[in-house]
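**Q** If you want the building blocks of each chain, they are given just below.
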Amino acid sequence: MSHPSMIKTFADEVKTIPGGEHLEKCYACGTCVSKCMIQQKVDPDYNPRRLLRLVMEGMNEEAFSSPTTWMCSECDLCYEACPQEIHISQVIAAVKQLAVDAGYTSPLTPVSVDEDLCSGCGICAMVCPYEAPSLYEKEVDGKLDRFSTVDANRCMGCGTCVAACPLGAIGREGVSNAEITVQLQYPKTEPPDLVTFICDWSLRVDEDLDILESYPDDQVKVVHIPCTGRIDPQHALMALKSGVKGVLVCGCKPGECHFKRGTYVANCKMSLLGTMFGQVDLPQKQIRFIQIGTQDRGRIRNEIDAMLDTISVVEEAIS
Amino acid sequence: MTAKPKLAFYWAASCGGCEISVTELGMDLVAVSEKADIVFWPAAMDFKYDDVRAMQDQEIDICFFNGAIRNSENEEIAHLLRKKSKVMVAFGSCAHLGGIPGLANMYDIESLCQRVFDTSPSLDDSRGTRPQTITQMPEGEIRIPELYDHVKHLSDIADVDYFMPGCPPVVDQIAKVFEAALSGNLPAKGSVIGADVKSVCDVCPREKGEPGFRITEFKRPHEVQLDPNKCFLTQGVICAGPVTRAGCGIPCLNGNMPCRGCYGPAEGVVDQGAKLASYIGALIDTDDPEKINEILDSIVDPAGTFYRFGLAHSIMTKLKYN
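Chains W and G are the protein sequences, given in the same order.
Per numbering that gives the first Met the number 0, the very first residue in the first sequence carries number 0; after that it's consecutive.
Per numbering that gives the first Met the number 0, the very first residue in the second sequence carries number 0; after that it's consecutive.
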């Protein structure tokens, strides 16, 4: 590692940051691009390989303003595939750190905290996969009070904090409690048979998304969430209370979570809810959590059909 | 001279702790009884149901009703007191949320009776006794109240004006509520009174967890030497503080015990137990997926812990008994 005074190039600078040191092992094969979900689902121009080239070519401004720098969620699908075993997300994180130091800011919309609601419990800070929230103290009415605050450059918008926040004090457009709750109430129509909470990353191809849309709304209501880390067991209960007969939560296969830990977190929450259903003697089959992998194309149809079958059996047993 | 306001106290399915908390007012209770007439208080004074039945409708100014609705007597008297009272306060966790008796909603009546009448360790032998609403005796027919199939909270069966949480409500808050009630300063109908808005964490002075802290094993309070200065969650102990309304003055935390949730859901919480599962689940260490189930298994009795005071009030109970 170079002594800071010896730093000559942008690449050297990246390499001084832990994680950035593997930069020059890249021989630009592009396997990372082929594995990247952002490239496939969001932005065809998204390109970790190109970012690494920008760094090596000393094009720091281009690297700092590249979406690749900011959108990488460290899912590490590319890391597993890289023949050179480059921990690419760490290299990107090193570039991001330099970008933040140089005054660049994330183009993503972060969650924000409503201090009127925040109790300063610190749960958001503990559960975030990116350690974006933290607590700070300020004086309110002459005494010190704690509140959460979010580092906008770290927040990836997965919503894990939103679901964990006990008081609904943290959120952003697209993942707020109000936006999900409204989809679980059916004042004017009959409730659907099944509500499916779907992590938008768990279905990797358009054909799978088409399957979701093939069910009529009065049979299967699909609620899109950015990650199953966003799932709140309260929402599953609210859906059932409104007359829905089953709740299916669909996340990514272990090891493929786009937001590092969301699918595991969802597993924990849904397991706890399932255990409590058992204790209270409610039909556990009414709630189901599944984890769909890259290789599981078409599985969502089987899962939904199986769930529809299950809840009709449960219905018969109850009535 | 205007007549003194009339107060009533009643206990339905409860342990009597709420009554004791009222008597903890001590000399202040004497002051209350100077400003108001206590017209019904079975636990402390000699009144009968017929005394209440003889009253005019809305003759009682404020009724403080504690206890859950477990049987037909609880419900009958709740309706009677509702009719005879201008203002009805659900007083304490049981009236507010179903409280500890509400945990019975995990079981059916037959298994509860088996435990109480057949397998309880304090019984020598079982005679297979079961409570009967009507029993014929040589002297005539004996009737006892009917045990309901599940525990309800007061607002399930009656129109409640105010909810005063706590198991029991702490004496400072009781004093404040009596003061507000006797001076006509109660808030809008439907409000939670004698408590704060935010959660217990807002007033808990303990050091919170660092960003990225995760729980690798859950322990119960008696299984660990607890650091009195650190958040219970960071010590692997389940604490209901984050979802529970503040206002109790944190006696449990000061006694180095985690919040158990008796003050009920804070503003913004829909279902106290499900929300507890939401943050407890998210706090579990997921770095080693192989260990997740082990960590989950270290949570003893999730429903009883997460819904300790609120099961009868929960969506779970609504789903089960519809």
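Careful: at least some of the hints might be erroneous.
Simulated DEER-style distance windows between Cβ atoms [unchecked claim]:
(1) Gln218(W) x Gly127(G): 47 to 53 Å
(2) Asp140(W) x Asp287(G): 56 to 62 Å
(3) Ala179(G) x Pro186(W): 33 to 39 Å
No lab work stands behind these hints: they were computed from the structure.
We treat Cβ as the ideally placed atom computed from N, Cα and C, and that holds for glycine.
**Q** Hint by hint, say whether it matches the structure.
**A** How the hints compare with the structure:
no.	hint	verdict
1	Gln218(W) x Gly127(G): 47 to 53 Å	holds (49 Å)
2	Asp140(W) x Asp287(G): 56 to 62 Å	violated (45 Å)
3	Ala179(G) x Pro186(W): 33 to 39 Å	holds (36 Å)
Checked against the numbered hints given earlier, the structure breaks only hint 2 and satisfies all the rest.
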